[in-house]
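> The residues making up each chain are set out below.
Number of protein chains: 2
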Amino acid sequence: MPDSLPPDSVGIVTPQTLHFDSPLTLACGQTLDSYDLVIETYGTLNADASNAVLICHALSGHHHAAGYHSMDDRKPGWWDSCIGPGKPIDTRRFFVVSLNNLGGCNGSTGPNATNPKTGKTYGPDFPVITVQDWVHSQAILADRLGIECWAAVVGGSLGGMQALQWSLSYPNRLRHALIIASTPRLTAQNIAFNEVARKAITSDPEFHDGRYHDFDTLPRQGLMLARMVGHITYLSDASMGEKFGRELRDQAYKFGYDAEFQVESYLRYQGERFSESFDANTYLLMTRALDYFDPAYEFDNNLAAALTQASCEFLVLSFSTDWRFSPARSEELVNAMIAARRKVSYAEIDAPWGHDAFLIPTPRYTDIFGAYMGRVAREVGA
Amino acid sequence: MPDSLPPDSVGIVTPQTLHFDSPLTLACGQTLDSYDLVIETYGTLNADASNAVLICHALSGHHHAAGYHSMDDRKPGWWDSCIGPGKPIDTRRFFVVSLNNLGGCNGSTGPNATNPKTGKTYGPDFPVITVQDWVHSQAILADRLGIECWAAVVGGSLGGMQALQWSLSYPNRLRHALIIASTPRLTAQNIAFNEVARKAITSDPEFHDGRYHDFDTLPRQGLMLARMVGHITYLSDASMGEKFGRELRDQAYKFGYDAEFQVESYLRYQGERFSESFDANTYLLMTRALDYFDPAYEFDNNLAAALTQASCEFLVLSFSTDWRFSPARSEELVNAMIAARRKVSYAEIDAPWGHDAFLIPTPRYTDIFGAYMGRVAREVGA
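Chains as they are written, first to last, in my numbering: chain A, 175 to 556; chain B, 175 to 556.
Quick caveat, the hints were computed from the structure, so don't treat them as lab data.
Take these hints with a grain of salt, some might be off.
To be verified - To spell it out: a stretch of chain A is covered by chain B in this simulated footprint if at least three of its residues, at any positions, have a beta carbon under 8 Å from a beta carbon of chain B; those stretches are:
# : region
1 : 312-318
2 : 369-383
3 : 420-431
As the list claims (entries may be wrong) - Which stretches of chain B does chain A cover? Using the computed rule of at least three CB atoms under 8 Å from a CB of chain A, they are:
# : region
4 : 363-375
5 : 414-425
6 : 438-452
7 : 463-470
Backbone N, C-alpha and C define an ideal beta-carbon position, used for all residues, glycine too.
This is chain A alone, in the form it adopts within the complex (with noise of 0.2 Å):
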């Protein structure tokens, strides 16, 4: 809890849930008849509307990306070190859109929602989402938010991902896309581990074909292991040296299977928590949209030819010990933009903490992305 709330901080911020009744056809051919979408904005909307940035959340992310819902809570925002006044998205300039994506499990539809067709809980049945859906749904409601143009489109991971597709299906309806500590589509290796993370929960005999709520159970062993899975690939070899190395809970070796060493009762304890608060058919379906995101594949493989598609300008960032996706994924995207003409800036950060260097503020990170927000304000004005 903080006792009074940082003066670079959104402050209390509240959700808004909005309901959308017109249909939405998904790229699996299913139609969603109705579905809510949960936000969050930070900053006031300018007369002309031209200074709304829209901000895309990575696998288990959600619309609260920077501030404190109460005094009482004990952290802001997932993305708070980069949204607020005086950061790299400056509240002071724009207006900040972000939101739970469909399918996601913090409030917008998805498979713990109620089924308008048949009145009981989505669970499995809730249709695998892909990141054009999301992309779409979140046109959608620009168009509620009396947005035609987003200043900028921004995201970290499969919210790159997001950015990316925006400057593909809307080109007109974005001037930016941030695309950070992200990739152009996963690699087998990437799609390998997301299938030990789907594999260990769809074993758990707790799944139970994804109608665990009906039993009134949770697959929490299944969960836990695919966050612990997950966890060590956000985070450098190096960075877990430096945090855990081999050091032991007790003076010595136990010979047992216990947790013994650091490193193991904390992935334990980050599994176990996330198991508790996470819904595991929307960790399914966001591993999926993750495994499908391949905008060159429509294109015989050849991204510069997607990214045709594309007029707006670029802004890719990726971190030097980001092993998930490395920075030669990004520079891949980097020179598929270069061939197809289009306009980008690349930085490569040197940061010691894999992939979740994107979630942490350092100078140069800080510096270069707020720099280019600074010249997108300018841009329009705000």
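We have chain A already, so just place chain B on it with the hints.
This is chain B only, laid out in the frame that chain A set:
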């Protein structure tokens, strides 16, 4: 099945089971009153017993390192590419001994054996075995075979740790230690992956605290997950990309969570096969042996100080794309050897296959390995 045996094969081989009746006291403080070791040997021991080479196996390895058990065998032993007439470990010159380690599940005494004290299967009561324990048991095996001094002790991965430990525990009983794709100790990330594997096994309801045999079941799902996550770490991102890429099993996305990408079904297949053939308690034991290995620990984390115990010569080999035990870990070991003024040769082999590269014969690898072993042979007049 080979139609005829390849000329560079050791041919048809037959494992032998050796029984030991003298108690073996383990690092954990427990004692095994008696135990069996299953071994295979290739080649002929010379008159002064100077041409013997010990092969130490990795996590899921065993005594069957080379040749075939019958003409019906589909595959030869796990290191057949490196052991045989004219191969790096040339069986025309060396007498090669390969064993299944204590705690294993291929015939040597391990969790599936009967505890003579209770008349029941050991299961989870089988003690945790360390690399030091293995080396101790291998020294007793050498006594039985009349081998006072190995020409070389050779191992990859966890096997390399045993070769290193030999140089420290019995400095006068080996002339050379070949440490391939190994590390002087696990990093936090290595331990974290092992913890995920163990947690997958122990949280499988069919594990029954390790007494699955009493329940006439196996923790197949847990062992499958453990193998899947392990398998990812044995391969490189690049080699998985080369082998599978984003290839689908069918033409298009199915918008579900069954295996759609080739890499998913490959991993599931590998995991399922492994879960039928490997013992879960042994898997726990092997991963813990990996975690615990840390010869510098008793020397105030000074690896060079630990290495002053050694008097043999060393060959250390690493592989460029091995991210499980990266070349940096081998270099750490080599630098400590140099600081301790030991004789060491080192090469980083450029190979795309990640950690598994130590099992795959490539010209530079087998050339260096073979040249070194040729020198060893000449030294002992073999």
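> Next, verify each hint and record whether it holds.
Hint check results:
As drawn, the region 312-318 of chain A meets chain B at 0 residues by the rule of a beta-carbon pair under 8 Å; below three, the given contact is violated. Residues of the region 369-383 of chain A lying with their CB closer than 8 Å to a CB of chain B number 8, which satisfies the three-residue condition for coverage. Interface restraint, the region 420-431 of chain A with chain B: holds (5 residues with C-beta to C-beta distance below 8 Å; minimum three). Counting residues of the region 363-375 of chain B whose beta carbon lies closer than 8 Å to any beta carbon of chain A gives 9, which meets the minimum of three for the stated coverage.
A count of 6 residues in the region 414-425 of chain B with a Cβ less than 8 Å from any Cβ of chain A is obtained; the coverage claim is therefore met, three being the minimum. With 4 residues carrying a beta carbon less than 8 Å from a beta carbon of chain A, the region 438-452 of chain B meets the three-residue requirement, and the given coverage holds. By the rule of at least three residues with a Cβ nearer than 8 Å to a Cβ of chain A, the coverage given for the region 463-470 of chain B holds, with 3 such residues.
Checked against the numbered hints given earlier, this structure breaks only hint 1.
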